[in-house]
Amino acid sequence: MTTITAPSASPGAGTLRRGVLSRVADRAGGGLVQVVLIVLALFWLIPTLGLLVVSLRRDADNNSSGWWTFFTKPAQLTFENYSNLLATGFTSSFWNTVAITVPATILVIGFAAMAGYAFAWMEFPGRDALFLVVIALLVVPVQIALIPIAKMYGTLGIFGTIPGVVLFHTAFGLPFAIFLLRNFFVGIPKELLEAARMDGAAEWKIFATVVFPLAKPAVASLGIFQFLWVWNDLLIALVFADTGSQPMTKALQSQMRQFGTNVDILAPGAFLSLIIPLVLFFSFQRYFVQGLLAGSVK
Amino acid sequence: MTERLDGPQTPRGDGDVARGASPGPDETPQPPTATHPALEDVATGQDGTTDSTTAAATSAGPPALATGPAAPKAGYSGSGNLGPSPKVAVFFLLPAFVLLGAWMVYPIIFSLVRSLYDAGGGTFVGVDNYAAIFTDSATLTTIRNNLIWVVVAPSLVTVLGLLFAVLTERVRWATAFKLVVFMPMAVSLLASGVIFRLVYEQDPDRGVANAIITSVHDVFASSSGYPGARPRENDQAPAVADKGTVVTRQPVQAGGQVLIPLVGLKTEALPSGAAAAKEASAAPGELSGTVWLDFTPGGGTVNKIDGTEKGMPDVTVEAVAGGAVKATTTTAADGTFHFTGLPAGSYQVRLPQENFAQPFSGATWLGPTLITPAIIGAFIWVWAGFAMVLIAAGLSAIPRDALEAARIDGATEWQVFRRITIPLLSPVLLVVLVTMIINTLKVFDLVFIIAPGSVQPQANVIALEMWRVSFGGGGNQGLGSALAIFLLVLVLPFMAINIRRFRREQA
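As given, the protein sequences belong to chains A and B, one line each in that order.
Mapping of the first sequence onto this note's numbering: position 130 corresponds to residue 130, and the numbering continues sequentially without gaps.
Residues are numbered in this note's numbering as their position in the second sequence, beginning at 1, plus a constant of 1000.
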């Protein structure tokens, strides 16, 4: 008895001791991890917080002291910059952003859903080759089209107009959108479609009533992605919008040249431009993440 | 951790940054396989690598990786004979392909041709525009900068993303952390640029980066300098300025006393500990003296210590003989200093330059040397969340059994991480890396917004130069087209990887 219990007891005690030690080490390591992550989170929060606070301070305050002094003197915060900015016609660029973003998102979803459906569920010659073209276009940089499309818009008379900007965004959003939706559509059980086709339903009706409603999660991912991409774009607006059709990004960019003297315009403007993306992001972040995971291309 | 293993919902759950906070509304009815295919694929991509090493290499194309091997086959085998006629397909494809053709394919051809013509487009110049890219010093700078970007930024983003993903696995508030780090993804690069212009402001009283650096610096180095303090400029002053230092006009013998009156400083600039100045007490063989602010508002006698005048504490004082420093001391709160035990002889008392140096004011982030690293910092701030979320999804797809088995076999945590986690993650790491490489090749907004106009030539990148040359006042659309084609050529390898991978899946 004793000869058996003795050896079995000592490893038991050993593991217990090691268990305690490693638990202590875990606890200490866990504490360290927490501290590191808190510091990192501060690194990610402070810049945006800085923008917000700067946008809420008068120019004179921003020139004389750092924004972090608001921690001790919160009375200096004011909405003056915002009301001044809204009085200068910044609102028109806000509505331009909306007028560009909403159609560019809807068109991409509609056109890409149709094409994705065709790629997923129709037989036609050259289907694979055509889809390879879509895949190839995924990584094409926007720069390639700036000069040719500017020339084309000049001929068509839509240079500097909102429809021109919308169409450009729609075209460049399509490869990713088609790719994403087609991959979603092929996952839909074929029995559903075959049943509908057996019933003699027209193809557009199957698409609109059976397939498209099923694709809501994918459409949500695509929608939020395209929305943010268009809303946040600067380069395309810079080339194709004029002062009448310019979105917020371009309006703010034109202020950058005098940076330092006009922080009271830039900071609230930049913050206004990111409110809607942030609200969207926090409300639909799961779709946003799904879209990211689906294809990180742009 | 265990809830991540529960079957088909796993990918969906992991895709949700705020999963912990909100269970997420259930989707409208959907087919059993309708879990977002791409999400499923991040997971399946993981599993695939356990039995094939080549999968890691093939998954390089970000979009292609998202294509699960199973999904496309199901689709293609699924389309039976019941499908509609090709005419209907044309109807479905037409809107998209009109746009793709006119806005993407045609411009590629147009740019290719246009790049062979001169600035105005009237004269054929062959490959001169391309030659110009590789000979002009301005465009060579852009290429060099893009090279720095491609080498530095993607790997930093990937490593940080991996670090964040691994660390957040160990804390309860991982969701909150992920949301914070991920948030910049939703914000426009213009807004991010404005944010970082504010962060990088030179003045430590305005830019938070320099504010942090200077306060950290001040913890380790004394900051009690007197910038601007100087002796009076007249012949009676007992001390004179000499190449940034202040020296006594007359040599002093050991045992003597000196007065070093300084001006050019506001009384408020003196440290709060400064006491009323007084003449140093004389002791035999001791060289002593006083450094004080010789200024009384509304009067006072020049070069004399008046009642209200204060001493300057903590000033470094040197006793110099024959060009060499023989002794060093610092002044007391009343501005007095004493050199004891000096050998007899004649000395010059000197206040070295460090007493009058400007205070440390941080780095010149937006200057020509630091501008590219500074912008890369902003880029990392924007994209680390993306890398973290992708890698975290990959991490959660790693079978826990494999890790547990290794731990039971006695592997240390580091060995588990190095030998099991990293290899299993490599496809995702590659996706992040490649996506970031494509991103850095195309980087435009951040450089355009963060680099001040005067520094833009030093910070310039290809995408920005393309815009500048064609639309931003350069007026040379021939060179602009060549730059656009050059950019396209740079991303061609990634296009090829995507296509190859897709074809393999179809085979």
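Calculated from the structure, these hints are not laboratory results.
Be aware that one or more of the hints could be misleading.
[Unchecked claim] Below are the BS3-like pairs computed for lysine-lysine, each with C-alpha atoms no more than 27 angstroms apart in a straight line:
#1 B:Lys1243 / B:Lys1266
#2 B:Lys1087 / A:Lys205
#3 A:Lys190 / B:Lys1266
**Request:** Would you mind confirming whether the straight-line C-alpha gap from lysine 1243 of chain B to lysine 1266 of chain B stays at or under 27 angstroms?
**Result:** holds (22 angstroms)
**Message:** Please verify whether lysine 1087 of chain B and lysine 205 of chain A have alpha carbons no more than 27 angstroms apart.
**Reply:** holds (16 angstroms)
**Pair hint lysine 190 of chain A and lysine 1266 of chain B, alpha-carbon separation not exceeding 27 angstroms** = violated (84 angstroms)
Of the hints listed earlier, the one the structure fails to meet is number 3.
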